Amino acid sequence: MVPGRRPRGDAGRRPGGPDSEVFYYFPQVEHDTAYGRFPHQNSDGGQYMEIGNSVFMQYRRAESGAPGAVSFAELPNRNVDYGGGLERIAAASIDSPDVFRVSLLWPIIEKLQELSGTSYDDTTHAMRIVTDHVRGAVFLAADGVTPSNREAGYVMRRLLRRAIRFATELGVENNVLAPLVEVIADIYSDAYPEVGEQRDTIVKVLQKEERAFRRTLSKGLRELRHIVKEARPITGADFFTLSDTFGFPVELSTEEAGRQGLTLTTDWRAEFDALREEQRLRSQTATKLGAHD
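When we follow my numbering, the leftmost residue of the sequence shown carries the number -17, and every step to the right adds one.
Note that these hints are calculated values from the structure, not bench results. Predicted model, so just to flag it, every value in this text is computed and none were measured. Positions of the beta carbon are idealized from the N, C-alpha and C atoms, including for glycine. Do not take every clue at face value.
Think about it this way: if two alpha-carbon atoms lie no more than 27 angstroms apart in a straight line, the pair counts; the simulated BS3-like pairs of lysine-lysine are [claimed, not checked]:
1. Lys190 x Lys201
2. Lys93 x Lys190
3. Lys201 x Lys186
4. Lys93 x Lys211
5. Lys211 x Lys201
Derived Cβ-Cβ restraints for the label pairs, each shown as a range [stated by the list, open to error]:
6. Gly153 x Val11: 25 to 35 angstroms
7. Gly126 x Glu164: 33 to 43 angstroms
8. Gln266 x Ser200: 28 to 38 angstroms
9. Ala173 x His107: 22 to 32 angstroms
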């Protein structure tokens, strides 16, 4: 355990205090000197994994006079708040530095290996993204969320479309989501019966989104390749086209631009936001006109 020196807690009214972080040590992981001469708990070298922390609730943060200044008042009643990561603790229990090898995740990886004909060791990054994102989307669907461009639905859409993009990189050109839903439902149905009970509905919701995105995915990637050939920075207008015409969430487009080695114009975000606002206003006007007619 490593004692923390800074009070934990948010900048508002919640209490906080010193913390003691709990790490698990994996001696079988070779230390990468890019993260320092020696292994250390605060590096990303891989030998240490934080599996939890205990926060000793001692103070309440308050604003203090000058702008930005704060003070810490003693709490009348103190307590210890422990937070631990289930999957990290499970990984430590099997002495695995890779949390994706625990029983809650590894069957999904195995199904991806089967669907793609590729090895997890060779495609680790892509398989982790697909596994994590689809699992999150399944639980959103179990709660009644559907893909949309607003609030939780937009989060779900981003998860699914990024998962589909990386599934394509694995060589799975269609129908990747339904088989993964089956595996996830089998894993979690005992603890979360609603996942198993709504299995068929979840499959339909996710398949609909996959079909919609795959219709434009290859066209969007071609659009990006054209920009690469033009050897120019990608603009906010380019990102807007990818979003509006090809269904690429802007976060996915910027990630793709980085993968393609494209530079971004300095004002791309402002340009993108302006175009999106123009579209929103046009849509509002059209709706009002339609209601008037």
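Consistency of the hints with the structure:
1. Pair hint Lys190 plus Lys201 holds up; C-alpha atoms about 18 angstroms apart against a cutoff of 27 angstroms.
2. Taking the CA atoms of Lys93 and Lys190, the gap is near 21 angstroms; set against the 27 angstroms cutoff, the hint holds.
3. With a C-alpha separation of about 24 angstroms, the suggested pair Lys201 and Lys186 falls inside the 27 angstroms cut-off, and the hint holds.
4. The straight-line distance between the Cα atoms of Lys93 and Lys211 is roughly 36 angstroms, outside the 27 angstroms bound, and the hint therefore fails.
5. A C-alpha spacing of about 15 angstroms is found between Lys211 and Lys201, which places the hinted pair at or below 27 angstroms, so the restraint holds.
6. Hint check: Gly153 to Val11, Cβ distance near 29 angstroms, so the stated range 25 to 35 angstroms holds.
7. Range check, Gly126 to Glu164: Cβ separation about 20 angstroms, and the 33 to 43 angstroms hint is violated.
8. The hinted window of 28 to 38 angstroms between Gln266 and Ser200 holds, with their beta carbons roughly 32 angstroms apart.
9. Ala173 and His107 have their C-beta atoms about 28 angstroms apart, which keeps the hinted 22 to 32 angstroms range intact.
Hint compliance for this structure: hints 4 and 7 are not met, and every other hint is.
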